[in-house]
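Chain by chain, the residues:
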Amino acid sequence: MHFPKPHLPNPHIAERIAHAKQLLHIGDNLSHLSHKKEFEVLKRITKMCLRYKKYISLGVFGVFGIVASQLYLPFLLGNGIDKSIEIISSGSSKLNDLYIVGFLIIITSMVRGLFGFLIQYYGEKIGNNITTNLRSNFHKKLQSLSFSFHDKIHSGNLMSRGILDIEGVGLFVRTGFLRTLEIFLLMFFGGILLVSVDWKIGLLSLIFIIPTASLATTTRLRLRKIWTKIQQFYSDLNTKLQENLIGVRVVRAFGGQNHEIKKFRSSHKNVTNLTIESIEVSALGQALIGFFFLITWSLIIWVSGIQVISGSLTLGEMTQSLVYLGMLQRPVRMIGMMVNAYARATSCGLRLFEILDKKPNIKSPNEAKSLDKIHKIEAKNIVFKFDHESEKNILNKISFKTSKNQILGIIGPPGSGKSSLAQLIPRFYDIEDGSLTINDIDIKNIDIIELRKQVGIISQNTFLFNMTIKENISYGVPNSEMDEIIKCAQIAEIHDFIETLPEKYETTVGEFGVSLSGGQKQRISIARTLLKKPSLVIFDDSLSALDSITDQKIREHLKTSISSQITIIISHRIDSLEHANEIIVLDKGKISQRGTPSELLKEDGIYKTISDIQHPKYEK
Amino acid sequence: MISINKTSKKVKKTEFLEDNLEVISSYDQEVLNKFITYLKPYKRKVLAGLVAVLLFAGVVVAIPVLVKITIDNAISEKNSLALNLMFVVLIIASLIHMFSNYFQQKLLGKIGENVIYDIRTKMFNHLQKLSMSFADKTKYGGLMSRVQGDVGALQELFQAGIHAIADILTLICVAIILITLNWIMGLMILIVLPILILVKIFWLPMARRAFLDASKARSIVSGVLNEHLNGVRVTQSLNREIKNQEIFDEKIADSLYKQDKAAKYGSGIMPPVETLTGLSMAIIIIIGGYLVINESIEIGIMVASLLYIQRLFDPIRTLTMHYSVVQRAMASGHRIFELLELPIEIKDEPNSKPLKIEKGKIELKNVSFGYESNNQILSDINLSIKENETIGLVGPTGSGKTSIAALINRFYDIWDGEILIDNQDIRKVSQDSLGLNISMVLQDPVIFSGTVLENIRYRTNASDEEIIEASKTVGADEFINRLPDTYSTHLYEGGSNLSIGEKQLISFARALVCDSKIFILDEATAYIDSYTELKIQNALNKVLENRTGIIIAHRLSTIRNADKIVVLDKGKILEIGPHDELMKNKGLYSNLWAKHQSSFDDL
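From first to last, the protein sequence lines stand for chains L and A. Take the first sequence: its letters are residues 1 to 620, numbered as in the numbering used here. Take the second sequence: its letters are residues 1001 to 1603, numbered as in the numbering used here.
Hint data in this document are derived by calculation from the structure and do not stem from the laboratory. Among the clues, some could well be false.
[Claimed, not checked] Taking lysine to any residue pairs in the SDA-like style, the calculated list, with each CA pair at most 25 Å apart, reads: (1) A:Lys1040 to A:Ala1160; (2) A:Lys1570 to L:Ser146; (3) A:Lys1353 to L:Gln257; (4) A:Lys1570 to L:Ser517; (5) A:Lys1251 to L:Asn133; (6) L:Lys470 to A:Arg1233; (7) A:Lys1243 to L:Ser146.
Keep in mind it's a predicted model, so treat the numbers as computed, not measured.
Just chain A, with the same shape it has in the complex (with noise of 0.2 Å):
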């Protein structure tokens, strides 16, 4: 009866994300139109942008022309008036540029806070949407770097690019102001770029190696830091501390000399770089003193091209600096894209209503299904559920009772048949209005960070009187009241200060609060010990009196009382029909319990 759990088996190439830093490359012009289409909203704002950019690397430009101007025209000509005007002249590009420089930064900015928030929302808002067989393989560690991580990364991108645009304005205009105050002082200064492209053909290659590398060793330090925090209680009684540092202590090693190296590729570039802003500092001065002692330049414009140069070689300076921040970023929106790419497997119909429920009857017809394509895990399935009546499904392991309750949730869609709910097909209404309309106990209880008041009210606006009423209801009053806080208490990650058992008793409060007309409870009774179970079990009956149920258990006692018990083996319905004309048929279920068995795992 043991196999290995469904999940590992079903690998379907659809929605699958990939784990591999490698494939991607350093420059990736998919990536970036992508991340451009996110702009699109904020049109204006970035115009407006813009505009502050231009304005700004416009002015950065003109100031050492004004100085330019200021000492061939004012100071050489010991004109005081003039000198006098282009102080105010000054002043006013001064204004200027505080001006343009704050907006350049706020506007710039802010669109991008937007854009990550736009992108980590979409994100997050399409993860909702995916089917559950994406959930199932795909386990959160990777999704939460994904979510945090990348986007994260994609913001440092969005704030180094500010700089960046207005770097590469600034070194155009610089280029062409270089050229127009002498031509050949200015394309003798441009010789170098040149040469700076050959560094970093050579450069390039083996520092985006040594970057990647880095990050990488980075995202392994933080798998394994969260994966010893998550075991830590293991860990504690097991006395595995020492070993466990051992182990974080090796890999942040390796971070660390992987950063180092990547730090030594970083800063190497730096000693060429300024060896090229020295070679055209000195082309000014003997180039520039040449044209000058000829008579054909005047002493302004070497002075001028001077402070220019300075403003050549700070954007090249920044922008190698900025290289590693575009280099995750690329792979990192690859990353994100990559995921906000995945499709949706299981989608609403176009102008799909919502579920209307009257009744609450439920039918499956010949109803067939299996988690991967080669497995089938339930065949020919009908069952019909009737207006306030309680089945309860019972069979052993792996004979798809909890299916059933998957799939009449809409989960996962069907291979063939139909599911209908008070006649409509479930999958020509809307998927929301299925949760909403169907409360459901999983045996896995799942606590929120919160106090109970908010866990047991979830999504609904169930008043606190409400809330305590449900929990009497479930037996759970009694345990709470014995909290700190009682309803009040705050309940910490995963409810580590509650028992499995109580988990389970707030899960089923959850439910109760959301009144639907069908309740299904998928071996919600697991961990609840059977004296529990039946003061549950007699509140379940009043609950269930005016409500569609569907019991899901392995225990015979907790189905025991059900209008009709439908027992499963291997996918296929066995026997059906309530418990003592079932004891009649001398069956499987009326076999265990001649054998006083209490459960299906028993056989």
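Only chain L is shown next, with the shape it has when bound in the complex (with noise of 0.2 Å):
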């Protein structure tokens, strides 16, 4: 008998509301993005950028140089026209100066090609770098985080993130951000020079730069928050174009082509729009940005002219400050690309960073104690639940004890609560109340690899990797001896089975392989497991998905080949549990019923019911 123990509010359970709260609302509307955060995610991809401290200088000494020819071009320009009238109000022939000006026009040009190259290899190379070191550590996040955190986002927004959003990401990188620089120094210098030949066509070339600044930051503005739509809508066509593929069979039994045609339609046609106004919104101000420019242009061309007419000016000076409007036009193309790929950079940013920034919420504690063989399991009181502010509890109160070479067995329908219960003991979700102890530790306070390691769990959803067999069943223990290899397939009641395909262990199965029915994964993944020598072995509805001789087999050899250890069965097959020590029956996450199978046959309950089901007599 338990007696109701008042209930503590735990001490953690605001942080983990907070939590879980966090964790259902990512992905959710982002477009709230404030300047602050587009102002850190920035700043944060620009100290990524900053650690490549040879590619970055190299770059930016690029850059220098591009500035410096773009900028020595117009006047070695207007030289060679002022050069020319010079040669014809002199009335000489001599063409020797001209030769000199080409000679260094083409040297110059040069100079500018080789520093594009270094701008835009190292800007690549700088992007390169980042993008790998942002996809290593995002699948070292995805690796961590917890059961919690996959359950609750799909895996296609996820790789959308990991796909797409780092690739936005990169790009921006890779063209825009030594390009930014360029574009800034041209404007700066390209401004001072054109002051120096003249400080009122200079002065005239600010009508150009006021109405550009602020139209690219308006327009950025409204770009970043159409990209993050885009990509969260993305998402979304993503999933459902997964889902459908995966559901295939059922889309087809259902007659349900249309249904799934429309949904997938207005995912896609959201993605359509959204990337129309993008367009438009970028082609407004390219083309706005242009206009400013030409305006600028014809005033001075027009003032210069005057001043041309008055004799205030050279038309070699004139040609020159026009040459140097025109060096200007191609960053001022650029700078409407660039608009677009820093607003869809900053949002990818943040989606990415949202990730990277998660916290797993299952981890080894500080001090955390190391585990031998487990010898010994106990449960008291365990309370859970898969949402934290939900009031309803997946488990309640459940206490159970087992030790060395025990078999425990849990029964119950669908909804009772047993694959939680089994998932609780490797720590993939955490109780919310009671405690759970191995060898008389907290569960909480055991290093988390050595517990996984020491349990193992056959999960009633197979998941087989594209690779071969043998790869499959030392997955968890990479460089495993094949006899090591074939005696857990002898054990798993696979390898005969193994042994009649072409190519025997070497066989890939998955993707590009052979496929395989779902009893012969089942054993797979039970011989997976068996090879870490697990001293507590979770079969957690596995067993009751092979044919009950298979399953009868399987636990023989069980019994002789692997001692010291303890058993959890979990199994909606009465025969499974023959052997078991105890058995626990699970009704609507409580335990409705406990005792050995004999004793448990004598009681009327589910047990006795789902006993006479299985062993049908005949009777006339």
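Got two chains here, separate frames each, mind docking them using the hints?
Okay, here's the thing in structure tokens:
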């Protein structure tokens, strides 16, 4: 009998609720992205870039070089024109000066090309390094985040972050980072030079800079909002597509094709419309920036034309300032693209950092205790729920205790909480209340890697990787000896089947290889778990998915081949539990019956009912 | 009794996708032609877009001419009035520039997005029509990358293409203008272009290789990320995180190496292009200067030529930048059209009518079938199921019981014989009407992301009350009520917050809500414990009272109460009749019961 103990609020509960809320809202509306956040994202991206000091310095060197040669060239060209005029007015026919100017132009262009190479190459190199780095961190994070995270965020969503969002950041770093510097420098020095040719002309060019800057800002804001939405809808589209392809049989069986097409279309329309909107906004920005530029250009021609007519400016000087402005034309065109890339990168970056900053809510404590073989496991009044805010408990006050060489059986209808109970033991989820101890140590104080080394759980959802059977079995212990692998395959009753395959253990399974039946996959996953020699094995409805003969054989092998371990068998097949030292019958998250198989058979209850159904007797 | 699953063996030539990037050539006229056919619905918009592009290219080219006129005819002549006039003309040109620039981008962008939408929608629709045998052997990962990645690459092409069209037009106009300004100088400048072609001949093949390698390495990285993500639960329970990280890091290191190499080729083209730009500028200065001195040209022509030179090389520069995009898009286009052109094996006959069901009678006459031509699964099956009758199909693994269910739904076409529903040959009725009139519960339950309600409702318009009613009938109501938000609980990816048994109950309710006259259960209770199954069975008896039912099971207790039990073995009907009759027959069926065996797998 368990006495109800007063419900004490868990000290971490507030924190956990906050975490749960955070999880639920992930990927939700991000359009309220503030300037501060945007700046932070930019700062982080910049920081990452700065890590590549060598590339950055070479790239920046390239930028200065290109700006210098870019600005020197108009001077040369203006010079060439002035020289020609000079020659005409002096009446000589010496062309030497022109040759020198021509030669200098070729050299300058060559140098400009080399600097251009530096900018583009090192820009891409930094971008490639950053995306590589982000991918690695993203992967690492996904591997470490706990089940509750993966439950809630669709893999389609995560994939679109891992691929498209990283690409978005990369694109900006690759093309935008050094180029932005280039644009600024060109504008700055170009402005100074224009002023030095003639201050009035120089000031006129400000007409261009001011509206362009403000336009770039507003366009950026609008685009960022659109991009954030595009990314969300794209994730949604990804998810729908993936589910349609996985669920193809259901779609066909229900004649759901039109329903699926409708679902897909609505998501797709959203993406298309938003992309069109982004094109429109960006086109408007670019067109206006181009317009401001041309207006300035026309004004300069007009004003300097008046000056030339009045004689206060030479034609060569005028050409020079026109060419200076012409040199700015390409950067000006690039501003528009840059703004778009920047807007995309900040919203992509935000989505990425959101994942990268997630802390796994299940991790080893600071002073974790190590764990040898498990010889005892005890649960006292365990309470568990998937959602901390929910009032509904998945498990309610579950207690059990089992030790070395014992078998614990768990049975119960769907939704009774069997699988949830199993997943608490390797700490895939944390309990809400009560205590769970292994070898008398609280599970939360045990080093999580050591815990999971000792606990082998074979889930009812089998997942095999696109590798050979051998690699799949040795998934957890990659460098296993072949005879070890074969031994585990034999225990799992799959060795004989593997031997019939054309390439035996080297046969590839999964998406690009042989398809296996559910039972065959299940047995490979049993072998895979046994190979790591866990001292506690949990069969989470994985034996009952096999036919009863194989089930029985596997249980026989387990008894003889692997000793000194605890076995927990969750099953809906009575026979699987025949050797259990204790069986707990779960119903609606509570223990409704417990005892040995023979004791339970004598009681009226779920257990006996199930047994009667499974062992039918022929009656007339 | 263990065998490789059927799916592995059936590879037919007709519906097969190859995953090979190598075979695709860089420039594929065919791909381009096919792509252009998708522009047809937007003829008028394309026309308008092209007008805008032409206008834009025209005004871009015209501005230096205007500058030349201003210099030569106004400023050099010291004519203030002409200068003011030219100023106004320039302002007008700027306005045209703005509007044409905006509209060319907007129109072409819109067309591009619409074409992308059309192509992707068509791909999706096509995927819905392809036969089950295609779905069996083509795994979703590859399809995902076609519908998402490849269409995305095409989208990039379109966006790059907008600029490319304007660039090419500008290039041509500039070349023409340079020659008209002064043909000697113009030709001298254009001599530079063939040198550029020479560079490209040496550079292109190497660059192409590098670009393709890089994009292949990138897709490998995506594949590994996807697999590690899907298998994350296994990885965590087997402590494989570190090893996986090593594998992934190795792949991204390789991808980094290849991308850097591609970058080298991509940027390597810059110095020669720039040098050539310089060369042509020098030509203008020297030749132009010479001509000016000899007074055969005016200074304005020289200035204008210098301005045009920038315009001539800008497009060349951007074209090289877009080159890798075009490369990738060609390969992607190839893969997209390959998918779109897969023949549909199971088609509706012309003028097929929807299936009309009154009684729900099903007849199989001399049906034989196999998934591949050398492996017959069913031979000469004759079976007739009367109105409101329930039959149980039992037999060992591989006996063909699941195939029968699939055939009634016309997932596959039979080799021989015919299948009739209410005297209508299922090959002569429209396919979607079959799915709409037959409810089926499959062994592997599928959960879509969405709420419990949405999952059960699926394609129907069932009210919430009807859904709750159906859930109660199948006994799902109990666990649904224990979910955090009961029927509004959002189910995670693949129903990861549910057990298989619970998922099966949901798909059971989903089938019930469809309210069809024919009800097929294909090993639908395999993962459900016997206790719950008993509850379902009681419900089922009620549900099947006025429906035609087919129950496929390997557990004997499941089909015991069926009106008729069909025992299948090796694709043939071994025994047929009600439970009591079969027990008297002393055949395979009664044998199993006598041994207290609960299922055929125990043979």
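Proposed proximity, Ser146 (chain L) with Lys1243 (chain A) (alpha carbon, max 25 Å) | holds (18 Å)
Are the Cα atoms of Lys1570 (chain A) and Ser146 (chain L) separated by 25 Å or less?
-> violated (46 Å)
Given the proposed pairing of Lys1570 (chain A) with Ser517 (chain L), does the C-alpha separation stay at or below 25 Å?
-> holds (18 Å)
Quick one, are Lys1040 (chain A) and Ala1160 (chain A) close enough, alpha carbons at most 25 Å?
-> At roughly 20 Å apart (the allowed maximum being 25 Å), Ala1160 (chain A) and Lys1040 (chain A) satisfy the hint.
For the pair we were handed, Lys1353 (chain A) and Gln257 (chain L), check the Cα-Cα distance against 25 Å.
-> holds (18 Å)
CA of Lys1251 (chain A) to CA of Asn133 (chain L), is that 25 Å or under?
-> holds (12 Å)
Are Lys470 (chain L) and Arg1233 (chain A) close enough, with their CA atoms no more than 25 Å apart?
-> Distance ~20 Å between Lys470 (chain L) and Arg1233 (chain A) Cα, so the pair holds.
The structure shown violates just one earlier hint, number 2.
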